[in-house]
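Start from the sequences and build out the full structure, keeping to the hints where you can.
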Amino acid sequence: MTTVDSRSGRRLTARGEKTRAKIVAAAADLIYVQGVGATTLDDVLMASGVSKSQLYHHFAGKDELVRAVIDHVGERIIERERDALGHVSTIPGLRRWRDALVQNNALRHGAYGCALGSLASEVSDQDDAARRAVSQLFIEWQGLLAGVLRRLQDGGALPPEASIDQLATGLMGAVQGGYMLAQTARDVTPMATSIDMALAHIESLSTD
Amino acid sequence: MTPQSPYALALRQTGDVRDRADFLDQWRELLAEAVDRLLQSGVTGGTPCASPHGPKTDVDAQKTAVLILAALHGGSTLSQLAQDPRPLNAALDLALVSFVAAEDNTAARTGTSSSISKLDL
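Same order as they appear, the protein sequences are chains A and B. Its first residue numbered 200, the first sequence is counted upward by one per residue in the working numbering. Its first residue numbered 386, the second sequence is counted upward by one per residue in the working numbering.
Note that these hints are calculated values from the structure, not bench results. Misleading hints may appear alongside valid ones.
For lysine to any residue, the following SDA-like pairs were computed, each having C-alpha atoms within a straight-line distance of at most 25 Å [what the hints assert, rightly or not]:
1. B:Lys448 to A:Ile363
2. B:Lys448 to A:Arg294
3. B:Lys448 to B:Gln411
4. B:Lys448 to A:Tyr311
5. B:Lys448 to A:Arg307
6. B:Lys448 to A:Val301
7. B:Lys448 to B:Arg413
Here are a few chain A residues that sit away from chain B, every Cβ distance over 12 Å (derived from the structure) [stated by the list, open to error]:
8. Leu211
9. Leu244
10. Ser250
11. Lys251
12. Leu284
13. Arg330
14. Arg385
C-beta: ideal position from N, C-alpha, C; glycine also.
Spelled out as structure tokens, the structure:
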């Protein structure tokens, strides 16, 4: 696979690609732990071990690097969620998805929240291109949730009059809010509770 | 409520983590007390006094308070991101509709938008 450098428009050599990936991975880790605002290009240089000229060869500045991090994080999360939700068509299946999310976050006592959700709160009033990119990723994620709910409805587990998009939007909010409460409390419990309550409501709509 | 309301702003991830955690704990406690009062008084439309089963015991006020707070938090972040009030409305509807049931039975049953989130919360 060859990547076209966003800055120069040139195709990257294998080595250039590796350097770029190293910079983006280091920046993504730093941003996950300390946020966009607190992460400087010097931090990224130090963490990735690349030279300043290498970094500026690939990225004009911080905004461009942040956008590459959004793509990187987004790709990872959408892939994870597609694997986890793509074939779910039952309430127990939805609960297993919830268990995996909570378990993953419990490993860090909820410390860092959702990588995509944290980006959302930071880029919203900073950089409009970044905001739109993150927003698009959330539309994709929510689409996967809506797909599950639609399959539940097709299978008769949800009444035909249930508004799937409204429920998927509400569930996404409960998931993200749960992550944020867990992050503040340094405890995964509020996240588990929030998703459980949202799923319980969805289950209560069940026709039987 | 809009994403720019003081409540949504209060939930932004700024300031000292411990202060914010204390603040959210107190807020959750107030919400839980309010949910509890609503359930006891029967104004949620569940008519607990007339019901042979007494107050709606299947609703956990503490857990409902966590969901309401999460809905505010997550919904306002997503609304701000999308520059669209719908995520916050949908999240609050989901959180509130589960116990404010009978008043607007259609909304509760279908998950369609109700009037609840338009309350001056």
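Is it true that the CA of Lys448 (chain B) sits at most 25 Å from the CA of Gln411 (chain B)? Since the Cα atoms of Lys448 (chain B) and Gln411 (chain B) sit roughly 14 Å apart, the hinted pair holds (cutoff 25 Å).
Holds or violated: Lys448 (chain B) to Arg413 (chain B), with C-alpha atoms at most 25 Å apart: 9 Å, holds
Is the Cβ of Arg385 (chain A) farther than 12 Å from every Cβ of chain B? Non-interface label on Arg385 (chain A) violated, nearest chain B Cβ at 8 Å vs cutoff 12 Å.
Regarding the pair Lys448 (chain B) and Arg307 (chain A), is the alpha-carbon distance no greater than 25 Å? 22 Å, holds
Beyond 12 Å from every Cβ of chain B: is that where the Cβ of Arg330 (chain A) lies? Given a closest Cβ separation of 6 Å, the condition is violated.
Over 12 Å from every CB of chain B: does Lys251 (chain A) meet that, or does the non-interface label fail? 31 Å, holds
Next pair to validate is Lys448 (chain B) with Arg294 (chain A); report whether the Cα-Cα distance is within 25 Å. 17 Å, holds
For the pair supplied as a hint, Lys448 (chain B) and Val301 (chain A), confirm whether the alpha-carbon distance does not exceed 25 Å. 16 Å, holds
Does Leu211 (chain A) really sit off the interface, with its C-beta more than 12 Å from all C-beta atoms of chain B? Check passes; 31 Å lies beyond 12 Å.
So is Ser250 (chain A) really clear of chain B, every C-beta pair being over 12 Å apart? Fine: 33 Å to the nearest Cβ keeps Ser250 (chain A) off the interface.
CA of Lys448 (chain B) to CA of Ile363 (chain A), is that 25 Å or under? With Cα atoms ~24 Å apart, Lys448 (chain B) and Ile363 (chain A) stay inside 25 Å; holds.
For a C-alpha distance cap of 25 Å, please report whether Lys448 (chain B) and Tyr311 (chain A) respect it. OK: Lys448 (chain B) and Tyr311 (chain A) at ~22 Å, within 25 Å.
The earlier numbered hints that this structure contradicts are 13, 14.
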